[in-house]
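Engineer: Letter by letter, the chains look like this.
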Amino acid sequence: MSMVSGTGVAVPQASRLRRSVRLIHLYAGGVVSPLLLLIGISAILLNHGWKPLAVPAQTGSAAVTLPPAPASMAGARMILDSIGVIGEIEWIDHAPQAQRLRIPVMKPGVRTEVIVDLARSQASWTTRRTGMADAMMYLHKSPGPHHASIRGNWLPTKLWAITSDALVYLTLLLTLSGLYLWVALRSQRRVGLVCLGMGLATFTVLVLALAW
Amino acid sequence: MRPSLVSLDRLTRAGHSYVGLSLLAFLWLLCVSGLLLNHHWSVTEFWESRARSTVERAISRPAAQDDVAMARALMEQLDLGGEIEWTQTNADPNRFVFRITKAGQFTEVTADLAAGKAILKRTQFNGWGILRSLHTSSRPMGQRAQRDWWLTSVWFVALDAVAAGLIVLGLSGAYLAIRRRMGRVTTALLLAIGALLCIGFLMPAAGW
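Same order as they appear, the protein sequences are chains A and B. Numbered by our numbering, the letters in the first sequence go through residues 1022 to 1233 in order. Numbered by our numbering, the letters in the second sequence go through residues 139 to 346 in order.
Calculated from the structure, these hints are not laboratory results. Glycine residues also receive a C-beta, built at the ideal position from the N, C-alpha and C atoms. Do not take every clue at face value.
As the list claims (entries may be wrong) - Covered by chain A, per the in silico footprint, the following chain B stretches (three or more residues, Cβ under 8 Å): (1) 159 to 167; (2) 180 to 191; (3) 200 to 210; (4) 285 to 299; (5) 318 to 325.
Unchecked claim - Negatives, chain A to chain B, calculated, CB over 12 Å: (6) P1091; (7) S1093; (8) Q1118; (9) E1134; (10) A1169.
The whole structure should be built from the sequences, with the hints applied where relevant.
Structural biologist: Next comes the structure, spelled out in structure tokens:
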């Protein structure tokens, strides 16, 4: 089947579809490319167990006004706001007998641990700048499966969760559109088929062997 | 257009397609398992529905004294494969406990070296659990910071290749998008949005 284009030239419907898929692939790939680099580099760092370099920590302490429920998310956030610590609350450790709160706070490349002495209404904190590589690894693993009920308690983390979901869906779209474009391209069919077959075979053998 | 650029474009396009096709299955697995790790959909639940079994097997005391070597010797006797996640130091020299992990399962072995028997407690996850563990199992697990099963080492190499492939796909895709006449402005704009997103999320690391 063919349709008449604006210039009066008949354009087959298949080629119109190919053109649309190519545009989708191009646009989705455009926005995804930098994020794929981030994920690729951080995956290599994670695979090789890269550890952040030992950097001197910055410490501080201050008196705080304790909120009614300091061990709650809202209470912990109020304490953090009062001492100027911002970031994602990883979890809250409450030791009632020791009257102590421990609040690890994360930002990409910055780890802060806040200890609140509930008896003395005193907060002390230690901040470590862990660098760009650690930031990428943190983003790769975020939001992740741990402490799911409180995850996304800092706006940028929530936005990253949306971005990482979008990245996955767009990558899936890219693989499907790429597959379609390859099928439509005759010149790369034979070598492509070999690549696809080898990749599938390696994957199947490895997964079966690992899970058997 | 210069002939050298034409051949570079052709080479990049072919490389982009072939790398993408080779990694297709791995990318699908990592995309789906990535979603599973970030979301807690009840349909993909794996922990509550895990299957557990316990069996008792006869063993002979290994000659090795080192805990890892002893665990390996017992694994060979018991025909068990996997990564040694941890070994437990015990006050009783006749009692030796260690755990082996594989994608979607772990086995805790409690060996009574004096009685010549071992109790194997195996926990097996469903397909969703296997998917999740495949995403994370290239990293050294548990207290031991090294891989000691050749299959996880191979999987680790494969995931490294996938990561390198992602970098190649990202760079070649960006190059091809810029070189293309069709939708060049929109693509450049989208590339800039992607780059700005990365910069924005990494800003705290730079101290901004």
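Engineer: For each hint, tell me whether it holds in the structure or not.
Structural biologist: Taking the hints in turn, this is what the structure says about them:
no., hint, verdict
1, 159 to 167, "holds (count 9)"
2, 180 to 191, "violated (count 0)"
3, 200 to 210, "violated (count 0)"
4, 285 to 299, "holds (count 8)"
5, 318 to 325, "holds (count 5)"
6, P1091, "holds (25 Å)"
7, S1093, "holds (21 Å)"
8, Q1118, "holds (29 Å)"
9, E1134, "holds (16 Å)"
10, A1169, "violated (5 Å)"
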